[in-house]
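Chemist: Sequence:
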Amino acid sequence: MKKLSILLFAVPSLYFAQLATPQGQLQTTTNPETGNIGIGTTSPDQKLVVNFNNEPKTIKFYQPVLNSNPAYSLASSLMFTWYNENTDIGMIRGGDKDILGLGFRINGQEKMRLNYNGNVGIGTSSPQAKLNIYGAHGDTNLLLHSIGNGTDVPAYLNLWASEPGMTYTGTGIGNNIKHWNGSTPFSRFNNTRGGSYIRLLENQILFTTVDASGKYAQALNIAADGNVAVSNKLEAKEIKVTTTPTADFVFEDTYQLPDLESVEKHIKEKKHLPEIASAAEMQKEGVNIGEFQIKLLQKIEELTLYSIEQNKQNKELFRTVEKQQEQIKNLEKNIQQSTNTK
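Per mature numbering (1 follows the signal peptide of the UniProt record, and there is no 0): the sequence shown = residues -17 to -1, 1 to 325.
A couple of the hints might just be wrong.
[Said to hold, decoys possible] Derived pair list, reagent style DMTMM-like, types lysine to aspartate or glutamate, alpha-carbon separation capped at 25 angstroms: (1) K198 / E218; (2) K254 / E284; (3) K282 / E244.
[Said to hold, decoys possible] Taking CB as the label site, the calculated pair distances span: (4) I250 / V193: 44 to 54 angstroms; (5) E252 / R302: 34 to 44 angstroms; (6) A195 / K253: 21 to 31 angstroms; (7) K254 / S196: 34 to 44 angstroms; (8) P228 / P257: 15 to 25 angstroms; (9) G91 / A202: 43 to 53 angstroms; (10) F301 / P257: 28 to 38 angstroms; (11) A212 / K253: 27 to 37 angstroms; (12) L31 / V193: 27 to 37 angstroms; (13) T303 / T237: 24 to 34 angstroms; (14) V32 / G91: 28 to 38 angstroms.
I should point out that these hints are in silico values taken from the structure, not numbers from a laboratory.
Backbone N, C-alpha and C define an ideal beta-carbon position, used for all residues, glycine too.
Model the full structure from these sequences, guided by the hints.
Modeler: Written as structure tokens, this is what we have:
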């Protein structure tokens, strides 16, 4: 009777089972005291321990195909769920009743989905591209890390529902964006340790510079109509202004050349040439280089006509003076002869 009692006490401590496999029998163990289950081991120290014993490390869950279409071959999904007081705090789900895929849920909400076509969705269960990220305002961003000289250098790429739209923020040597075509940079935005930036807006492109003190300056503005505004000096080796009208109308026979008396009167009253803006107006409104050059050319051509007319008058005056000098000489000669005869 004593031997029987010892045997009855020992039996509940472990349960053994034999499972048939293509390679033979597989031993499983259940410990009712710990609740641990072992497959291929008699001493499971965790809730589930699988000892493969150098066999291929694969666990397969199989369900018969209920549809001939391979994209819709599962009748229901396979789920691994973590519960906390009847709430699924985490879940990995493979496929569903409609389509193959892999989904990841946290706190009852799906956070990531891998579809049968290879599309990955973060924040969306229906990704429309190979990587589809969906988030709230200011929450859609990527964080990339690069370790160069031993320092962890993060870079953020943010998408916004409103302005500025997309931002790229980095803490490395420079926030540089390059588009490569083979081994050649196709387009590039370089910013080495500076705060200057370019804003591509709906109706304009803004170039903003930031100096060492943090002062912002709107350096360049390109409007939708092609007009360019520069806030400071512009230095160039050559500037070509193309415009249709010229000042050659001054040389037409019908052109009324202003008389110098009216020009003199205008200068005395206005302190600037006719048809030329005053210094105060130029300072306030600026100067249209093309129009200003034409006006200057007009005044040069008018001055040329004045010079030509003055040259004609000078020649006529010279001939008159020569004629008078000849007459004076003849008169003096006649007087001399008359004096000698007396």
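Chemist: Of the numbered hints stated earlier in the document, which are not met by this structure?
Modeler: 6 and 12
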